[in-house]
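Enquirer: Residue strings, one per chain:
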Amino acid sequence: RKEVEQDPGPFNVPEGATVAFNCTYSNSASQSFFWYRQDCRKEPKLLMSVYSSGNEDGRFTAQLNRASQYISLLIRDSKLSDSATYLCVVNIRGGGNKLTFGTGTQLKVEL
Amino acid sequence: ETGVTQSPTHLIKTRGQQVTLRCSSQSGHNTVSWYQQALGQGPQFIFQYYREEENGRGNFPPRFSGLQFPNYSSELNVNALELDDSALYLCASSFNGAISETQYFGPGTRLLVL
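Chains as they are written, first to last, in our numbering: chain A, 8 to 118; chain B, 528 to 641.
Please note that the accuracy of each hint is not assured.
Unchecked claim - Lysine-lysine pairs mimicking DSSO-like chemistry, simulated, CA-CA at most 30 Å apart:
| id | chain 1 | residue 1 | chain 2 | residue 2 |
| --- | --- | --- | --- | --- |
| 1 | A | K52 | A | K86 |
| 2 | A | K115 | B | K540 |
| 3 | A | K86 | B | K540 |
| 4 | A | K9 | A | K115 |
| 5 | A | K115 | A | K52 |
By construction, these hints were calculated from the structure, which means they are not laboratory data. All figures in this text were calculated on a predicted structure; none of them were measured in a lab.
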């Protein structure tokens, strides 16, 4: 079983739609949680950290459920520029600062 | 831009050869991590260097080795290249090796092994 699992997609949505991505992680020692965005043939860039209380950054909302080992990302009012691959990432206690990535979920926002 | 630079941007090698990839960390950062990203996959952790010492290693064979210099730049060396080593190699720098520190990625080196 992979340490971080995501639906690879693609998710094809019209501009203005709301889209949600889910991710599960298997290691209960996971301590820090992130969503990274990766554009085609580019490096991953931090989109947002994820906290137990949930957090919001503009159109983006992230949630963490430690009991279920589940992380989510909600994008409201999708823009064409949101088209990218969204990587769910965890950092496991005792592993230094080693990020463990999911395979990513591809989002395509269409006119 | 993150301020993390990598060289070269692209590289073509043949099976059995050796390769050295380079990374310059963001100013003020003393920790560099290396990741391998195969096509269609998420990045996989190779190893991390903190103040010139290896600070964790992923599930990669010993032919993957690294180095960090006093200015905190880093090299990744891969010996006896195999076809499956073809991937995007990413380095990421952070302020220190703490688990809470954000890692900033460089643009990567695309390696093709023929």
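Enquirer: So which of those numbered hints doesn't the model satisfy?
Expert: The structure breaks hints 2 and 3; every other hint is satisfied.
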